[in-house]
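The listed protein sequences derive, respectively, from chains R and C.
Going by the working numbering, 91 is the number at position 91 of the first sequence; the sequence numbering is gapless.
Going by the working numbering, 140 is the number at position 140 of the second sequence; the sequence numbering is gapless.
Note that these hints are calculated values from the structure, not bench results.
Some clues are possibly wrong.
Unchecked claim - Think about it this way: if two alpha-carbon atoms lie no more than 20 Å apart in a straight line, the pair counts; the simulated SDA-like pairs of lysine to any residue are:
1. C:Lys206 - C:Asn230
2. R:Lys263 - C:Glu120
3. R:Lys263 - C:Met112
4. C:Lys131 - C:Thr55
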Amino acid sequence: MAGLDPQFIWFGIVSGSLIALGALGLTLIFGILDFINIAYGEYMALGAFVAFSLNVEFGLPLFVGAIVGALVVGPVAIALDKAVFQHFRNRSAIVLLVVSIGLSFVLRNVIRIVWGSGSKRFDVPIEEAPTYFGVRILADQVGIVVLSLCVLGGTYLLLRRTDVGIAMRAASDDTDLARLRGIDTERLVLYVWLIGGVIAGTAGVMLGLDAQLRPTMGFTALIPIFAAVILGGIGDPVGAVVGGYAIGILQEASVVVIPSEYKPLIGLILLVVGLLTRPDGLFGEATR
Amino acid sequence: MGYASLVVTVAIIAGIYSLLAIGMNMHWGDTGLLNFAHAAFFAIGAYTSAILTTTGGEGLLASRVVGFEFPVVVGLVGGSVLAALAGVVIAVTSVRLEGDYLAMVTLSSAEMIRLGIKNEAWLTSGAQGIKNIPRPMADAFPLQLGSVTVGYDLFYLGFLLVIVAASYLAFTRLSESPFGRVLHAIREDEDVPRALGKHTDVFKLKSFGLGAGVAGLAGALWAHFFFAINPSMFLPGLTFTIWAAVIIGGAGNYLGAIAGTLFVVLTRQVTRFIPGDIPMSSELPFIRLIVIGIALIAILYYRPAGLLGDEERLVAGQMEAE
Numbered sequence: 001m002a003g004l005d006p007q008f009i010w011f012g013i014v015s016g017s018l019i020a021l022g023a024l025g026l027t028l029i030f031g032i033l034d035f036i037n038i039a040y041g042e043y044m045a046l047g048a049f050v051a052f053s054l055n056v057e058f059g060l061p062l063f064v065g066a067i068v069g070a071l072v073v074g075p076v077a078i079a080l081d082k083a084v085f086q087h088f089r090n091r092s093a094i095v096l097l098v099v100s101i102g103l104s105f106v107l108r109n110v111i112r113i114v115w116g117s118g119s120k121r122f123d124v125p126i127e128e129a130p131t132y133f134g135v136r137i138l139a140d141q142v143g144i145v146v147l148s149l150c151v152l153g154g155t156y157l158l159l160r161r162t163d164v165g166i167a168m169r170a171a172s173d174d175t176d177l178a179r180l181r182g183i184d185t186e187r188l189v190l191y192v193w194l195i196g197g198v199i200a201g202t203a204g205v206m207l208g209l210d211a212q213l214r215p216t217m218g219f220t221a222l223i224p225i226f227a228a229v230i231l232g233g234i235g236d237p238v239g240a241v242v243g244g245y246a247i248g249i250l251q252e253a254s255v256v257v258i259p260s261e262y263k264p265l266i267g268l269i270l271l272v273v274g275l276l277t278r279p280d281g282l283f284g285e286a287t288r
Numbered sequence: 001m002g003y004a005s006l007v008v009t010v011a012i013i014a015g016i017y018s019l020l021a022i023g024m025n026m027h028w029g030d031t032g033l034l035n036f037a038h039a040a041f042f043a044i045g046a047y048t049s050a051i052l053t054t055t056g057g058e059g060l061l062a063s064r065v066v067g068f069e070f071p072v073v074v075g076l077v078g079g080s081v082l083a084a085l086a087g088v089v090i091a092v093t094s095v096r097l098e099g100d101y102l103a104m105v106t107l108s109s110a111e112m113i114r115l116g117i118k119n120e121a122w123l124t125s126g127a128q129g130i131k132n133i134p135r136p137m138a139d140a141f142p143l144q145l146g147s148v149t150v151g152y153d154l155f156y157l158g159f160l161l162v163i164v165a166a167s168y169l170a171f172t173r174l175s176e177s178p179f180g181r182v183l184h185a186i187r188e189d190e191d192v193p194r195a196l197g198k199h200t201d202v203f204k205l206k207s208f209g210l211g212a213g214v215a216g217l218a219g220a221l222w223a224h225f226f227f228a229i230n231p232s233m234f235l236p237g238l239t240f241t242i243w244a245a246v247i248i249g250g251a252g253n254y255l256g257a258i259a260g261t262l263f264v265v266l267t268r269q270v271t272r273f274i275p276g277d278i279p280m281s282s283e284l285p286f287i288r289l290i291v292i293g294i295a296l297i298a299i300l301y302y303r304p305a306g307l308l309g310d311e312e313r314l315v316a317g318q319m320e321a322e
């Protein structure tokens, strides 16, 4: 590809990390609970705003805020499941989707009441990006990529090596079969919300670090994340991550051919083409 | 006097949203299609009508080169037709997808349409929006009828109510016609009408087009009443609000859709009538959205058929995953 600046590849890796991280948490929840959780965007925003409070209002270092912000969302996701989603467990995926829209209304406006509706920034120095090999690379961006890779790797190990992770994969594949083999799927649901919530919180903090914090930040990030989840095959964590990086890199590289305002279009095109040609996802191991 | 004119404005908003809910009910209530692109059809109707009836020109931020200055009625028809076409085009790519996949594709498509409106300033004035959209028959008002003065807003409300009533009658007739029965059959179990030799994809496209068309008409009516439009009026939140209205009112029932709209619009607008000096008044806009969110969840839990939904019919709450 002539004229493809390596700078775009780096931007693509950064936004791919953000999309992959968000998609990982969402696909884990989607795989076990079997519905699209629109409120997931608000889970991400919540993590970011908790980190913001600790970082800016209490003056703590950002990484402390980030860790607490990420960890808070796990228990919150469990509490919301107990309060809301649990009562709809045997309803259809579409009812749960609409319920999650209602929940997202509630959460987004609670965030607006607590933190205000303006846009905010973390307390990080604004500095000129140093150039390595002709590519401008910000420290924040390195942080995003490294932390995302750590979370992705950690989750991979968790899913492969621990009993809970193996049980999660089994239940994601076939819930009834997993239950038949003695896996307590209700307890598993708690783990899924916990892990999915913490990943959502981390993704939210990273999103805030990449740009700004707004109450709608999570929702606006959802579309490429959904595209990555579906492209990867619902419930397939590896697929979601590959899908996330693919969408991120293609989006940034697309500015060579199309006006940059339209780069979100790439996610939609991949989503539609993926759904129509490979409805089971990239690796054909979808749960349905 | 102040309150009276506010009531009329709120009623106009409720009327326009009712048209949106009628379109959504054709998609979800009658056909079981998950359409999350309603805000985009509304936007296409508003922009088409505005472009057809205004003149282009230099702006502060953007210069629009397209503008036709046609009469308002051309705008209303053009807006509806183009929105209907957009509905069919989106549906062609995605109507075979299963429920929640369709939701994702339509939601993304709507955002892309909004992105296009925001960026193609030569056509839409971009983020600056279109202003000075003409009001139909504005010169005739205020009209003196004996001792009573009829203001323009009241006239527009009457005009709108006629359109809402006509749409209501047309769509309920359609829903009870043989065409509507095929849509209901698709909603219950698509294999059955297909086994009877019906081209269900074509029926779904027609349903999508009709519902999108009435949403486009709503958009055009919005633009011609409020003078000015801009891309931030057509966020996905609008789609979700209409969903909440249809579910709360009772999917599958057009009267329910209108009742749900009234509930949602009143909840959102009631704070206009509350004095500004009560505690938490600055948080009220957010609190009323929280109320709508909780109402939506509560209705789905306690009364899945919605306020006026027909228990006999398939309702959102009773459709089990296959």
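Hints, verified against the model:
Distance check on the hinted pair: C:Lys206 and C:Asn230 sit about 29 Å apart at the alpha-carbon level, beyond 20 Å; violated. The suggested pairing of R:Lys263 with C:Glu120 holds, with an alpha-carbon distance near 14 Å, which does not exceed 20 Å. Distance check on the hinted pair: R:Lys263 and C:Met112 sit about 10 Å apart at the alpha-carbon level, within 20 Å; holds. About 10 Å separates the Cα atoms of C:Lys131 and C:Thr55, which keeps this hinted pair within 20 Å; it holds.
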